[in-house]
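Number of protein chains: 2
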Amino acid sequence: MYLSKQDIENTDRVKRLNLINSVSGIKPGNLIGTKSNNGQTNLAIISSVVHLGSNPAYFGFIMRPQKEVRRHTYENILETGHFTINHIHTSFIDRAHYTSAKFDKSVSEFEACGLTEEYKEDFHAPFVQESLLKIGLKRVEVLPIRVNDTIMVVGQLEHLFLPDDAMDARGYLDLGNMDNVGISGLNSYYTLNKVDEFPYARVTETPDFSR
Amino acid sequence: MYLSKQDIENTDRVKRLNLINSVSGIKPGNLIGTKSNNGQTNLAIISSVVHLGSNPAYFGFIMRPQKEVRRHTYENILETGHFTINHIHTSFIDRAHYTSAKFDKSVSEFEACGLTEEYKEDFHAPFVQESLLKIGLKRVEVLPIRVNDTIMVVGQLEHLFLPDDAMDARGYLDLGNMDNVGISGLNSYYTLNKVDEFPYARVTETPDFSR
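Keeping their order, the protein sequence lines are chains R and C. For what it's worth, our numbering labels the leading residue of the first sequence as 1, then goes sequentially. For what it's worth, our numbering labels the leading residue of the second sequence as 1, then goes sequentially.
No wet-lab data here; the hints were simulated from the structure. A virtual CB, placed ideally from N, CA and C, is assigned to each residue, including glycine. Among these hints, one or two may not hold up.
Listed below are several chain R residues computed to face chain C (Cβ distance under 8 angstroms; list not exhaustive) [said to hold, decoys possible]: (1) P65; (2) R71; (3) G114; (4) T116; (5) I135; (6) R139; (7) M152; (8) M167; (9) P207.
Below 30 angstroms or equal to it, Euclidean Cα-Cα: the simulated DSS-like pairs (lysine-lysine) are [as the list claims (entries may be wrong)]: (10) K120/R <-> K15/C; (11) K15/R <-> K194/C; (12) K15/R <-> K5/C; (13) K120/C <-> K194/R; (14) K5/R <-> K194/C.
To be clear about the criterion: a stretch of chain R counts as covered by chain C if any three or more of its residues have a C-beta under 8 angstroms from a C-beta of chain C, and this derived list gives those stretches [unchecked claim]: (15) 13-20; (16) 30-40; (17) 101-110; (18) 141-150.
With the sequences and hints as input, model every part of the structure.
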């Protein structure tokens, strides 16, 4: 099946949103936790977290601050400079998805969605207690993406929490064993099953293409 | 287990790379196809493709142009303005992974890695024939991420190819049925299994948190 740019422009809006949100492949399922200086907490499901660097450890995520309920998240990050990234697991997919409803700013999605605020290491922003892997980050950059008025928020890792047995001696995590969740489109959720692992690729070590 | 920023700085470099590349969750497995004006093709595995917008349809991906073999990809995109995004499937994970080896610029990873160039709709950049879902994009923006000298390349969708039966009437794709692949860290590959699907979330439709 072939769809041109024009075909996609002519597609019904909701169908187009579903399709175009799916074609980049699987996306990580995370919740972004923030708290205003007044103490109002906010929790937003975000499928656009991306790794930017390991030393220092930087991560980014995409948002559209003018158009979405997630602007409360953005306002809190601008105001306080801190946010958390929390993995979504199979046990609370429904609650994580519900954070995308358009709650009023005075409502905390933690309470409304049945998830628990957790404060650790004197960090300002709330972690999600139910999450097995969580990162506390300091905002270091906000990049405007001019073509469509989205932004990328860039944070530096300050704190990392993970289960004691999650990391092996090489630094590998098995996301499947952690019941970690992937997202496709706007509202489809996937479990993960590790099937292959390869060494660092070297030109001289050709794989067996015939297998 | 708790790791501070300092703990992570003090971790062995390779272990840190593995860990920090894993903690943002599952990443989409894609190959970026390009061709120089001289006809030299290039293919690079990229796990940082992110959706930026649906109308127009924009996608971005992250690279570190100064430090990597992937700079050939970047040079081709700067020179020609076009690139392709091609999904990785379970049938060719090993070949896709091998594109990350440091091949000389005069070597095409298509040939070296046993994957097939495909040209469609008069588009300059090569698609991967073995891939079931592929996108042809025009470069529209290159964003410098100043904190660590990475960049985000932003492209606009011009062409989309997908299997005839992949999309349902609502625009949903089942990435699991397509044998689509997710990546964790630098070299772990996952299959995907769709387990949940929810309607657009509304404040008034509280899920059953007790299930």
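- Query: Holds or violated: K120/R with K15/C, Cα cutoff 30 angstroms?
  - Reply: holds, 25 angstroms
- Task: Examine the stretch 30-40 of chain R: at least three residues should have C-beta closer than 8 angstroms to a C-beta of chain C.
- Result: violated (count 1)
- Query: In terms of beta carbon proximity below 8 angstroms, does the stretch 141-150 of chain R have 3 or more residues touching chain C?
  - Reply: holds (count 7)
- Item | Coverage claim, chain C over the stretch 101-110 of chain R, checked by counting residues with Cβ within 8 angstroms (three needed) | holds (count 3)
- chain C contact restraint for T116/R - C-beta distance below 8 angstroms: violated, 12 angstroms
- Query: Holds or violated: K5/R with K194/C, Cα cutoff 30 angstroms?
  - Reply: Roughly 28 angstroms between the alpha carbons, so the hint for K5/R and K194/C holds.
- Using 8 angstroms as the Cβ threshold, decide whether M152/R counts as touching chain C. holds, 7 angstroms
- Keeping to a limit of 30 angstroms between CA atoms, is the pair of K15/R and K5/C held or broken? Roughly 43 angstroms between the alpha carbons, so the hint for K15/R and K5/C is violated.
- Go through the hint on R71/R and say holds or violated, using the shortest Cβ distance to chain C against 8 angstroms. violated, 16 angstroms
- Can the restraint linking K120/C and K194/R be considered satisfied, given a maximum Cα separation of 30 angstroms? Roughly 33 angstroms separates the two Cα atoms, so the pair is violated.
- Query: Are K15/R and K194/C close enough, with their CA atoms no more than 30 angstroms apart?
  - Reply: holds, 19 angstroms
- Query: Holds or violated: R139/R as interface residue toward chain C, Cβ cutoff 8 angstroms?
  - Reply: violated, 11 angstroms
Going down the numbered hints, you'll see the structure goes against 1, 2, 4, 6, 12, 13 and 16, while the others check out.
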